[in-house]
Structures are given as structure tokens and as C-alpha cells.
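J.: Sequence:
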Amino acid sequence: MKIKRINVFLVFGMCFTINLAAQTDTTKNRIFEHKGMYNVNFMRTDLRNWTQGGESNTNASLMVREQLKIQSRKATGRHLLQLNYGLNNQLGRTTKTIDNLQYVGNFSRGGINDKKLVRLSGQVELNTQAMPGYAVEDTAKTTMISNIGSPIYAQFSLGAISNRYKSWSLYFAPLGTKTTFVLDSNIRELGAFGVDSTSSTLLQGGANATLTFNKIYWRTFKVLLRTDFFYNYFDENPALDIRGELISYYKLDKWFTVNINYQFVQDFDAFEGWQLKSVAGFGVTVTLD
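For the sequence shown, the working numbering begins at 1 and goes up steadily by one.
In short, the hints are calculated from the structure, not lab data.
Incorrect hints may have been included.
Claimed, not checked - Once the Cα atoms are required to be at most 20 Å apart in a straight line, the calculated SDA-like pairs of lysine to any residue come out as:
id, residue 1, residue 2
1, Lys115, Ala75
2, Lys222, Ile242
3, Lys116, Gln67
4, Lys74, Arg109
Keep in mind the model is a prediction, meaning the values are calculated, not measured.
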């Protein structure tokens, strides 16, 4: 049996991350705390006469994460703005691997040096995407299944949160709404995201909760976790929607890091099951103090 000669096998990966350490601006009556993380991943695999399977492909992803905390004597505001976008090119086809734009604003009573365990709080959360999306089997890209503004998830809720702990917080709201907007009429005709073809919105009422965790261990290992929960009171088949992300990186030395990004979504209006995505990489980290 003749064995094919292996001419070229090349795998190239690169990850570039900039982490902005907390920048705090303190005045007599107000405190501003800013954190940022910017991450670019790139990987290229070239296979020629490779007998063990696989196809040449290119993967790239971008993450921009901005956090701002504002505290006065009587109130606290937390803002999160995050963009995730990724592409895969294989066999001449380019497909999205992730596309998400998210804003979360939480506003609560209790400000600087607040020691109370629970405070009245309100929260707004918006999720959408930036570019058109197509089904995997739609190689000609003739029918969009998602687009900018289709969908938009908007959540508003009133509940309670604790400002006492620095590393973590738990927000719970028994009164909340989740509205799904599908602005593209062609996508509405598909009956996607639980929205009827005769309407551009789906309104749901229920309970909302958000768990966040942000901590650095041994000055080298950082973990960020955010998980959102929504339970629809009025669904004929009640189910818990979950959307979360885990970001962690271990700093090997002044420049290099090992990082993991893991995302998990359970939204029964979009798909009956878990949607999972994980990215692990070795890269370069620059910290700006």
C-alpha cells in the first residue's frame, strides 16, 4: 500500500490580551472604579497530504470587556459592556462562532462603605448581535436566521443586591420582564426565538437573578464569572433560562498567560438544550496600571 507523503503540517496560534487593572478615581463624595479586558485570539492550521484527517482552517476571535462602578454616599451603579465576536474559515467558507453584544446596568441603594447585607436594586440588561447569521447547512448564505436587532433581549427587573462583598454579588428580583425583539420581518416569518410571525416582540414576566464573581489568586490567577437566570411565571411548560460566562487566565510570567473562556446558554425559545462554547489559548498579556 502506498502511503501519501506528508509535505506540510503547520499549526500557528496567537493570543493577545490587554488587562486594565482597576483604576480608581476617589473624590470626597464619589468613587469611580474602572476595569477593562481586551483579548484577540488567532489560530491557523495548514494540512497538506495529511493522512490522519482534518481540514486546513483559520480561527479568530475578539473580546472587549469594560466594567465601571460608580459609588456615591447613598447609591451604587455598576455597568458592564462586553463584545464577543469570532470567525472560522474552512474549505473556503467563513462562519461565525460567536456574536454577542451585551450591556448590563445595576443601580442600588447604599454607597461608599455601605455595610448592609441587602439593598433595594434595579437592573437592566440588553443582549443582541452585530452581524448576520446563517444555518450551518446554508453554505450559500441565502436565508438569515439572525441579524443585528434580530433578536434583541431586553430584561428589566426590581429586586435586591448586596454591596458588602468585593469579590462577588448576588442579585435577585422576583419582579422582572424579558422582552424579545425580532425587527427583521424575514426572520419573524421563520417563527424564530419564540416570536410569532405576526408580531415583532415576545413579552415574558418572571423572576430574574444574577451571580457575579471576580477575584485574583496568588497575584497570577484571575477568575471572572457571570451567570444570569430567568424563570417565566406564565409559560405553559416552565423552564429556567440560563446565560453565563467564565473567564480565567493564569499569568506564567511578565508577558505570557494561559487563558480559558467558557460560555454556556440554555434558552428554550431558541434551542431546547445547552449551547456550549469553550476557547483555551496560550498568549501574551500586557497589564496597564
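J.: None of the hints should be skipped; say for each whether it holds.
T.: Outcome of the hint check:
1. Lys115 - Ala75: holds (13 Å)
2. Lys222 - Ile242: Between Lys222 and Ile242 the Cα gap is close to 23 Å, so the pair fails against 20 Å, i.e. violated.
3. Lys116 - Gln67: violated (23 Å)
4. Lys74 - Arg109: holds (6 Å)
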